[in-house]
Amino acid sequence: MTSPLEQKIKITGPVVVTANRVGDGAVVYRRADGGWTTDLHDAVVTANATIARELVFAALADGLRAVDPYIAPVTLTRDGEVRPGNLRELIRRHGPTIDLPVTFGI
Amino acid sequence: MYLYDDLDRTLVTERVAEFRDQVARRLSGELTEDEFKPLRLMNGVYLQLHAYMLRTSIPYGTLSSAQLRMLAHVARRHDRRYGHFTTRQNIQYHWIKLEELPDAMADLASVGMHGMQTSGNCVRNLTTDQWAGVAPDEIEDPRIWAEIVRQHVTLHPEFSFLPRKFKIAVGASSHDRAALRIHDLGLRLHRNGAGQTGFEVMVGGGLGRTPYLAKTIKPFLHKRDVLSYVEAILRTYNAFGRRDNIYKARIKILVHELGAEAFAKEVETEWQSIKDGALALDPAVFAEISGRFRYPAYARLNDNPKELTQARRAEARFDAWMGNSVANHQVPGYSIVTLSLKPEGGTPGDATAEQMDAIADLADRYSFGEIRDGHEQNLCLPHVAQRDLPELWRALDAIGVATPNVGLVSDIISCPNLDYCSLANTRSIPIAQEITRRFHDRDLARELGRLHINISGCINACGHHHVGHIGILGVEKNGEEFYQITLGGKADEDAKLGTLIGPAVPYAQVADVVEDIAAAYVELRERPDELFIDTVKRTGVEPFKERVYATR
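Those protein sequence lines, which keep their order, are chains A and B. Using my numbering, you'd call the opening residue of the first sequence number 3 and step up by one each time. Using my numbering, you'd call the opening residue of the second sequence number 66 and step up by one each time.
Same shape as in the complex, but just chain B (with noise of 0.2 angstroms):
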């Protein structure tokens, strides 16, 4: 966890007496709409279709069980007794109302939580690995890198009207959980040919309706160099993105314009004037800001405890559970958990008040009162004893979190669509919801494996249907939903986007389509450990499109 300091607490509790009073203002009519919206999108509140929405930041997706504890109460107390967690390490509230927001970010900044910069032409919430710090594959906590560079990009005036939202990522892995190369700005510490560690550095990645994997532009970037190398980038942006035609506002565009190379260039003409200025990475603030991240005093055990591989053997449920919803871990005898916030017919990244106020309780029992947030939307405890998965997996089955698909064909990541979203033309949960019950075969969704499907609502592409195993995108047509079916993107180090197979089929069908690709899959495989995504490496989508179109 990291722990906040005194000038934290202040801003974010200053944040709140500031959108107090311009609540106040706007309800009085002393501010009209045109006024306040900016106001408001400061703070990540927007206005959908039934209701304002909340939309609640989870720096580098680290939650404490306090904060998971307040996140269930304003749930309870200012919506309706649940949140959805996101694509980007956020929460979202869909039903909150103007009147009860300034209390409900009151509650929030109690344990250190606000919405600032979650909306906005402004760096976004920092994301990271939501393993970072237990991930046996990572160099170093990637999450001292997101807070050193959260703090500095924080109310940063010069980067507080960009031309459109900037999203920065930073991984530490060999296998990104970051979808870095989906970022408008991805950082991956690694480390060189003579044994240093620093960033590789990507720029220019974005889905959406022109959607771009970044390019790296920067193969070794020494630490001490990050905050002025990523200002460089920031004010080569502000200077050169294009303001006038906000599709064609976000950096990938400007990067793909310029060219990778020539973007390099200005950044690095930038870079020159100010590298060995304020911004070099000093390493006191570097120990001041990592000395504020703690860390859990890990008991010495060992890997495989009887207790566990007695309770596999007895448990067909809780050995399916363990197959695809732990992982290892750092530290011998301790696992990651993932929860998964996909049930079958249930919505992605739901989780009700209940079941956050459960899941703080165990992560006080289980996991040093941690919690972690990941971009596939689901939870994870990230310090379990290896000893107490049996108890833990008892415990969070009882509270509709230990359905054992994660990484399968029904963990989906879904936008919140047109139920909920202005933007959005077409559903997306439902038709999550009809795959996850085409599915709920346990023994069909193992045979399958790996398979990851992503699905949007519009071409926003808040679901990351472009790197998608299987992507599906929903397009409005004459008032009719129809769905577009990309088969082959990934979001992960080896990242590519989808291709697409054909026309759009409309709403009814796609579950049926859906199978119809399994099916195609399981019989064109080489091999039963051939992945869904390797067989359509190797194939390309041509026989998949066949057997999808043959009858419609």
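For reference, chain A alone in the conformation it holds in the complex (with noise of 0.2 angstroms):
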């Protein structure tokens, strides 16, 4: 698998930057202060590829707090909220789309 370092980045739309977290391995997005958030309403979203190569590999520097960060699509709706590009972002976000067992009538 070819490094994020190494891969040219290409976007088509408004993007953020995501990884897992080290401690407990929960999804988190880069937020513009160098931190990272579990609220993707609090990520840096940009439609920028410059600047979101440069959120990526500030994030792959930052190895000690999160694992294997890499650019997510998001989209906006019109009052500006910020939503998963696609269903496997849509399902890191929110959790699985089946209910747990332990909810499942037992």
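Worth flagging that the hints you see were computed from the coordinates, not collected in a lab. Worth double-checking, as some hints may not be accurate.
[Said to hold, decoys possible] Which residues of chain B face chain A? A few of them, derived with a C-beta cut under 7 angstroms, are:
1. 96
2. 372
3. 375
4. 415
[Said to hold, decoys possible] Reference listing, derived: stretches of chain B covered by chain A, where coverage requires no fewer than 3 residues with Cβ under 8 angstroms from a Cβ of chain A:
5. 108-116
6. 486-497
Beta carbons: idealized from backbone N, C-alpha and C, even for Gly.
Put the two chains together into one complex, using the hints given.
In structure tokens form, the structure reads like this:
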């Protein structure tokens, strides 16, 4: 697999940088101040490939707090709400689309 | 049950201590993810979509009640109160925190369990028939041989960095319940014409993007030679297997490209140089290992006691459950009971901590404290006195594991899918759940008879879709989920890969397609007892294809 550092970054719409938190694997998003948040609405959203590249490079250098950062698509609603851009990111954001067994009528 | 010795306990305990140190160094920043990743993978720790995932092996599918209680404890203390039983006799925890993993592993180690060799390019957890030691059609207990091989390959330095992962299954029955032909190496105990017991050796099976059934490279191998021959296979694979392309690195590709005969010749050459050396199995070693398997002290009982026949007459639900969840045992008066982890609308293979605790208690009361885990993602109680079956059924029914669907259309194998897995690109579990709802009518399901549906959420085929009677493979197209349908696959002694019936169908249509296929089968079968798989074999997939695509 090609390292993200060697990949040509091509984006076609708004994106965020996402990863998993080291301690518990939770889904996190890169903030403007260089920190990480579990809230997608606090993430840096950009449609600029250069900025996206800088964000992911900075995230890669931050291996102590987050694992395997990458650029993920998002969509913006008319009122500015940020939403995951595909099913995979939707599931990462909101959890499984199925009921977990504990809630399944046992 | 197999009784672990001090060496086993020391090995597992030391590994926990090593991993605790590695986790501490990762959390402190002393280890980078690149440095830490191979260490966590050696212990079965993956990073999935939402969290770390811990895979714990259940060697040859055998669990004690104490071990199952510990699995429940780990689910409760370190995860979200459930575990997922996989298609390779493992359990996976999907929400575990890295900070808590050393403690979870210490808990598991206290009952001899671990995640070693459940990941990475090594010999993975050895699997067998979940009915090993109790199946009437078995010639001897295959778990003894699985344990002998397991001990040899555990932490074997020469086989810790193979070109790719290597999966071994061992069986000893005329009916293959261990899916031997879809393993990198399948070992089938059988008797030759002279009445001697030995192994048929099958190599190069596997599913994924390039599915192959294993080919027999040695029809009869003396039991004494099993370790040297396995060693020769692994050395040949290590020497010739490709390391330049991950998609061509499995032994199935090597066997296919070299040809089974040429591969067998290479193995034979290697084997001749080692077969009479230290790896020739010493009878004392066999006696030592086989002697550590403990078997129940069965009572002298008769088959079909009156309590059982009366209960079957009195309770239709019990009778239906008996019909597909209870199998004959080697010992008169006893039965093998399969516990369905496939409730209507549930996730195939999932069990809650409360269910695991309850099953452990029932195993103590009714099955000499032993539980089995099969590759079809159900559990078994292997030693149940038939007189106890009515009472056991009521207890199982109360905890939701007595759905009378074992072997039927809703007994679906499914991978963890896009809801959990970072490799998957589509969902399979919601598809399985919808199919179970469509076929919730027990009479309809019984009318259809034995019908295995296997679903994978990506080409890696963890849901064994190639060998499902109906196989369903999710593929992503332009951000949408589509599903390819295959028919006619099977993983038993007559293993076969399914045939694709046509273009992929959208997510919302999959359950409709399965209903159409089931309806076509009912019309096409020659007799009510002609199984689905036999109808497909007789007619081919064309009539099913016509039915499915007539209106699509």
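Those earlier numbered hints the structure runs against, lowest number first: Numbers 1, 2, 3 - these are the hints that the structure violates, sorted from lowest upward.
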